[in-house]
Structure formats: structure tokens, C-alpha cells
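Undergrad: Read off the chains here:
Protein chains: 2
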Amino acid sequence: MAKINPISGFPEFLPQERLVEQQALDVIRHVYELFGFINLETRTVEPVDVLSGNGDDKEIYAVSRLFADEGDKKEATLGLHFDLTVPFARYVQQHKGELTFPLRRYQMQKVFRGERPQEGRFREFLQADIDVICENELPLYNDIEVLQSLFTALYCLHDQLGLPAAVMRLNNRKLLEGFYLGLGITDIASTLRTVDKLDKIGADKVKELLISEVSLSNEQAEKCVAIAQIKSHDLSFVEKVRDLGVEHDLLDEGLEELAEILDQVQAYKERNCPEDVKSDVMVDLSIARGLAYYTGMVFETFLMGHEDLGSISSGGRYDNLASDEKVKLPGVGASIGLTRIMSVMFKRGILKPIKKATADVFVAVNDMETRIKAQMVAEVLRIEGLRVEISSKDNNLGKQIQTASKKGIEFVAFYKEEDQDAISVKNIVTGKQVNVRADDLEKVVNFIEAE
Amino acid sequence: MAKINPISGFPEFLPQERLVEQQALDVIRHVYELFGFINLETRTVEPVDVLSGNGDDKEIYAVSRLFADEGDKKEATLGLHFDLTVPFARYVQQHKGELTFPLRRYQMQKVFRGERPQEGRFREFLQADIDVICENELPLYNDIEVLQSLFTALYCLHDQLGLPAAVMRLNNRKLLEGFYLGLGITDIASTLRTVDKLDKIGADKVKELLISEVSLSNEQAEKCVAIAQIKSHDLSFVEKVRDLGVEHDLLDEGLEELAEILDQVQAYKERNCPEDVKSDVMVDLSIARGLAYYTGMVFETFLMGHEDLGSISSGGRYDNLASDEKVKLPGVGASIGLTRIMSVMFKRGILKPIKKATADVFVAVNDMETRIKAQMVAEVLRIEGLRVEISSKDNNLGKQIQTASKKGIEFVAFYKEEDQDAISVKNIVTGKQVNVRADDLEKVVNFIEAE
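Protein chains in written order, with the working numbering: chain A, 1 to 451; chain B, 1001 to 1451.
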């Protein structure tokens, strides 16, 4: 085999780390299934023209056969998907005749982005998404439910795995766009993109850029910066926006939607989250989201004490991404960037690789004859749902117990030379031990369950 | 969004089909965990020089940024992995200092092959693998355990999902190579490759090619064809090989290994598989496996009545794939080609998309006021572990029940206009219904569990 090295940006976990990631996936799956979401997977590749214009095109990975022939050249250029929203929208549009709406799906797959690797930024990473797409009309309740589902998933990750509490920061594209339109701004996209930099470059610099690059007046720029600085945990943000004196129908609509969403998600939190848990939801009008396809609610999520990591879960409402001329297919969704969370939490010592062993019982083996007996013991225990590893070597018992101990396995079963019709089972942590007749293996199960 | 079409060779399932695939993955995971295997995922890309020479190089997909710059050109060329064995061997070699051996892992990921798409052949498909790799020495028991684990997984898929019974066909590279060496044949690789075509082109044609292309004598070619035609369910194959009058130490070793493996897996089957189940294991000396890295046991698996589909699960022993000059890391593994099985079984009507709904209860909604009540009902039921979908629309009750019915959801909960402090729960299949006070929702759970 050729010399082997890690590839920058393509992370891999050790087995005990992967156990934690797998546990996180199980928690997320369980929560999303409780909320009535169904699982889906889409192909890893999309035609490049489906991907283009929905993200940063420079980050698209193209795929082609290493030894391409004439036949390949006739086919469309393929790229690896960079998120799960664009492929899902394409999937729904393609299969709309075969689907039952509203379609609520969760999807957990690797995505690929050719960006410069740095802490918490990867070229291949696992995303866990939920989305609801419906024909014609998708009421606002769906935005609320998506946020409630996500809130629950993040709360359960906090509660069950020890992940830091998460704070969801909400905004609304209609609110921002209506505000800009009310100010007489026409280049909405450039204004959004510039305001999105507030966190990184500060208010003064954003104002400067809005004047110099987007050609806003001093007053327009000032108000854009002012609205972006509004944050609140309650409905007081409505008053604060009104105080800026801008009027537009779209702004009213956005304010109303955002107020309704905040209210409902806050109430959900109060009903379902213990008071001492810091998981939270709030309005933050600086959240703009880079992607062009959002049309209403948008949000980002930060882990408390690890805000430097950036948003670990984001999403929003997209009314047109899956729609075509004939059928309107509005959608709303949320995505958890799981690899980013896991990787940094391991590095910072917040999450610890699971000590949990990969088996409950390790069956030691003396020789070929006891191996066959050992197998039969294993078969009985597995039927009882116990995870059993049979020693792959028949070296001395001490060494086999060492192997079990290294693997974190609590129970070792073994035969004694002098009595091959009985098996001994020892808890190698407590030292407690029982001897069980070969025809009475049920007792092994009882012993293990009682310990 | 651009015009959308399926991409040949990149299959996608509908939600109800994916449910079956997910169920299959859960069954496989459960079995492999009972056998003490731990889960791992490796990155999707490998440097092309890690992939090359271990499969069909023409099938490798290369990956590069669509808009590559100077920095990219300095990096190694990357390709998508075409199986999970080569990446796992690379992973073990790379991380050997951090792993506990023997490492028993299962891995379920998509792999990519740029081959001509046809029925049961895909360019992207899901594989479910198990492998054991150990430092220095890996006793033959591991080959036996891998086959027993796989046998159990395939048996459970048969038993729980209704997949056809599987027949595992075993051979051994040492046996074939020893036989060829005993015959004085020097070009082992070409002989293996030619004999591997027996199924497709027949015995006469294979003999002809062995003489014309591999330059074997008539007698050598005849014996190569003769041994490849030996099949048996018991140890009689040893005698049949001996009768061909060829002698070589490696042949003896191969015969002994294969006899031991067949014996143990047969005995396992007899102990664990009901007599009326046709799942089976046998020796078939025509099984050669195309891949260069196998060094001992090799096998392929066929579904009864669907042999035309080709092998659905294969693998073997590889003593050198993960090894380097300093450390020997022998391995043995088995792979299930899940997408191939699922896709063809759906098409042939053997597997049916699951009718199972994505939720247990559908909560209907009259208006904003009942929506908030409906949410609280959903929250209580979810805590009890019930999967609940709240109607995303507040159109009339009949339409909402229709939606629930279309989704296959059995229970609908709804509020009556005249009494908003009670909720009615109806089994829309049997028509049975209860009315429950809002402060006594426990009764909803009881009703659903009793139905």
C-alpha cells in the first residue's frame, strides 16, 4: 500500500469517537421520528447546473471518471452536493407525482465543500437536516414546528451527550427586505451581503461599505446598521423596529411572522425545557444568511461558550427553490452541521470518546475444543440480546482477560481445564464471579443483568 | 431550478422504499453489534494512488474543484472510494498506534464505481461491510466468525424482511494457487482471471483460452477446468480434489482451511437456522474473486431464485492489504451490496415498500386556538414515545383525516367545536373512538396501546 497520510479537510474519527457521533445520530433520528419526519437519502452527485447559483460555486467539487472516454463527454458534468436542501428540493420536484404532501423528511448524509480547511471547517462533513415541503401553500406553523423539532434535538444532545446548550437566533428575510425597500434601497442582495458581515468587521466598517460599495445614503446606511443591532428575547423587537420610522407592507408581514414564531417557540421551550437549562431562542436582526434562496424565516444557532465556532445549525423558509412554472412547492428546513460540532467538542474536551465497550461479554478460549463450546455460549447469549465477542486467539487466559479489559468489556466467560462442563463468568471490574453448568446458561444472563 | 432528470446509475428510493432499506440497515447493524463489531466511517475520498491497483482502475471517479486554482494543483489527485475494504485497510495502517487489536468493525457507506449502468449495477451504492484486522497474526477462527456473522445477517434479512434465502459459496486462494503450482503453472493471476469466467462462457471456452492465451498444456487446462467444477455441501470436495492427482504444500493448506471453515459454518447453520429455511453454505471451487489482494478464504453469495443477479455479498482473507514493511496487519472481511439487493427486489416485487406510517398519531387542527392545544397533546404523546404529526393545515376535518389516511397513520386526534376541553381519538381503520379530558391525556396513550 502507498504511503498514507491524513487529507486536510476530510476528518475521520477513531472508533470511540465514532461511537459518540453514532449516539448523536441516534438521538437526532429518534427526535425527528417522534415529530413524524421520514428518512430519505438522495444521490451524492447532482448535475452542476442544479448546484450552481445556490451556494458558493467556487466550493463545488466536480466528479468525472479518471479515465474518461467519449461516452462520458456527452453526459452532464456532475458535482458532489454541498448541502442537503438543494438536492431535496430537486428530489421533490422530480418525484412530486409519487409523494404525499406535506412531505416531512429528515436526511443525514455527508456533504462536500471545496473551501479552505480550518478549525471547524471541513471539505467533507455530516449534515442532519429536516425539511417540510408542501404543494401550493405551506402555513407558518411549519416554520414553528421545524424550529421546535430542532430545538428538541439540540436540547436532547445537550441533555444526553453533554453538548453545550444552544441558542437559536431568528430573523426574517421579509422583515429585512421590507425595511430596505421602505428606505428606498434597490440593491437588496448587496445590502444583505454587506450587513451579514456585521459580526466580523463591526458596525462602523459595515456602514462605510454600505455607502462606498452599495451607494447608500448616510441615513440609509445608518438605519441598516441600526436594525441589524436589534436583539431581544421577547416581542419588544417590534417596537424597536417601529421606532426607526420605516414603513413597508413587506416589513409588516415580516414583523408579524417573526413575532408569531418567536412567541410559539418560546412557549414551547417553557413547556418542555427545565428552567435550569440554558438552551434558548431569541430574535437577532443581524442574522441574514448568505444563501439566495431564503424568502422568510431565517436562523442560525450557536453553542453557549463556543460562539467562536460560528453557527452550528441554520436554515429557513424557501418558497421558490423547489417550485417550477407549473407547481409551487414552498419549503422550510433546518440543518445541523454535526461533524463541525463533534470535531471541535472532542478537541476542546467537552465531549469525551465513549468508554462504552463494543461487547457485553468476552468469551475466552483455551483450544479448539473449548472454542466450539465458547461459540455455543456466545450463540445463547446473543439470542438474549447480549453483545458477545469470542477471543480470536487461544493464548493464555491472563492475556485474553487483558484484551477484554483494554476493550472495556466488563464480563469475561471462560472454561476451567478441570471442569469443561461448566463455565465461569467473571465481572473483571468488581471481581465477582459465578460458575454455571453448560446446560443452564440462562444463569449467565441472570448474573450479568443483576450486576 | 434547472430541468431535472434521473442520472443513470445513481439510484434514489421513494420514502416508503427507503423505510425498507433503513429497516435492513437496522437489522444488519443489530446483528453485527451482537457479534461485537464496532461502527466506523472513513472519508469518501482517497488519494488515487491508494485506490489504484486494488480494483478496476477504469472505474475510479476523480474529484477536483470545479474552479481549481494553483493551490489545488499541488495536492494529490483524489478519487471516490469504490469499496470499503481498501479505505479501512488504509485507516488501520494510518491509525494503528491508536487502535486496539483485533479490531472488529462494521461500516455502512456509499461507494462509487464508474461502470456501465445496467440492472443491479450502479455507479453509487450502499455497502455494509464487516472486517477483522489484527496485528501480526489473525487465526482462521476469524474467517469462520466473519462468515457466521454474515450468515446471521442474511438469515435475519430473510426472516424479518422477506428477502430470498442466501447461499454462500466458499473457496480458498491457497487451494487454487497450490493446485496451479502443483501443475507447474507459473502465471497464476491470468489463470485465475480466466477460470473466473467459467460461469459466463462455459468450460470449453475457458479451456480454449487457458491454452491459447495463458499458454497452458492441454492437461493443465483440463485439470484447471476440472477443479473449478467441484461443488459440495460436505467434506467430499477434499477427496474429489485429491482424485485429480495434483500435489503441493499450499494446496494441502488450502484444503485443510476450507474443510475447517465449511465444517464450522455448516455446524453453526445447523445450530442456529430452522430446518425449513433454505439459507445455505457450500464449497464451490469455481469462485475465484477478481481482486488481487485476497490470500486465503474467498466467497460469493447468491439469492435463491435470483442467481442471475450475481453475487450480493462477497469477501475473503487479505493478509497483506493493510500490512507494510514494519507491521503485518492481516485481515478478513465480508461485504453486502445492499443497494443492488434492494433495488432489484423492489423491481421484482419480492420486497414491498413498507406501508408503515411515519407517525402513530395525526393531530387535526381547527384554528390557531386548537393548534396550541394540539401542540400540547403532541408534546405529551411524544414524551410517551409516540410519533406524532400535527396537521400543517387547518382546513376541514374530513380533509385532514384524508391526509392522515393517505400517509397510513392509524390514529387521528381532534377537537370538537362544542367541547374544547376534551379531545377525541379515533382509530380510522377500525372506527373505534374515545373522548379524553384535556387534563387526562394518559388515557390517549392507553387507548392507542390497547388497540
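What the hints contain is simulated information worked out from the structure, not anything from laboratory work.
Hints are supplied without guarantee of correctness; some may be wrong.
For each label pair, taking beta carbons as the anchor points, the in silico distance ranges come out as [to be verified]:
hint, chain 1, residue 1, chain 2, residue 2, range
1, A, K326, B, D1069, 32 to 42 Å
2, B, D1419, A, D57, 54 to 64 Å
3, B, A1438, A, K356, 49 to 59 Å
4, B, D1324, A, P353, 49 to 59 Å
Residues from chain A shown here face chain B by an in silico Cβ test under 10 Å; the list is partial [stated by the list, open to error]:
hint, residue
5, E12
6, I38
7, T100
8, I230
9, K231
10, H233
11, L235
12, R271
13, E379
14, V445
15, F447
16, E451
Each residue gets a CB set at the ideal place from its N, CA and C atoms; glycine is no exception.
Undergrad: Return the status of the interface hint for A/E12: holds when the least beta-carbon distance to chain B is below 10 Å, violated otherwise.
TA: holds (6 Å)
Undergrad: Measuring from the C-beta of A/K231 to each C-beta in chain B, is the shortest one below 10 Å?
TA: violated (26 Å)
Undergrad: Is it true that the C-beta distance of B/D1419 to A/D57 lies inside 54 to 64 Å, as the hint says?
TA: holds (57 Å)
Undergrad: Are A/T100 and chain B close enough, Cβ to Cβ, to be under 10 Å, as the hint says?
TA: Holds, because the Cβ-Cβ distance from A/T100 to chain B comes to roughly 5 Å (cut-off 10 Å).
Undergrad: Less than 10 Å between beta-carbons is the criterion; does A/R271 satisfy it with respect to chain B?
TA: holds (6 Å)
Undergrad: Determine whether the Cβ-Cβ distance between A/K326 and B/D1069 falls within the hinted range of 32 to 42 Å.
TA: Check passed, 40 Å falls within 32 to 42 Å.
Undergrad: Quick check: does the Cβ-Cβ distance between B/A1438 and A/K356 fall within 49 to 59 Å?
TA: violated (41 Å)
Undergrad: Any CB of chain B closer than 10 Å to the CB of A/I230?
TA: Violated, because the Cβ-Cβ distance from A/I230 to chain B comes to roughly 26 Å (cut-off 10 Å).
Undergrad: Would you settle whether the hint for A/F447 is holds or violated, based on the nearest Cβ-Cβ distance to chain B being less than 10 Å?
TA: Since chain B brings no Cβ nearer than about 19 Å to A/F447, farther than 10 Å, the hint is violated.
Undergrad: Hint validation: A/E451 versus chain B, beta carbon distance must be below 10 Å. Holds or violated?
TA: violated (19 Å)
Undergrad: Holds or violated: is there a CB of chain B closer than 10 Å to the CB of A/H233?
TA: violated (20 Å)
Undergrad: With 10 Å as the cut and Cβ atoms as the points, is A/L235 at the interface with chain B?
TA: Check failed: Cβ of A/L235 comes no nearer than 17 Å to chain B, outside 10 Å.
Checked against the numbered hints given earlier, the structure breaks hints 3, 4, 8, 9, 10, 11, 14, 15, 16 and satisfies all the rest.
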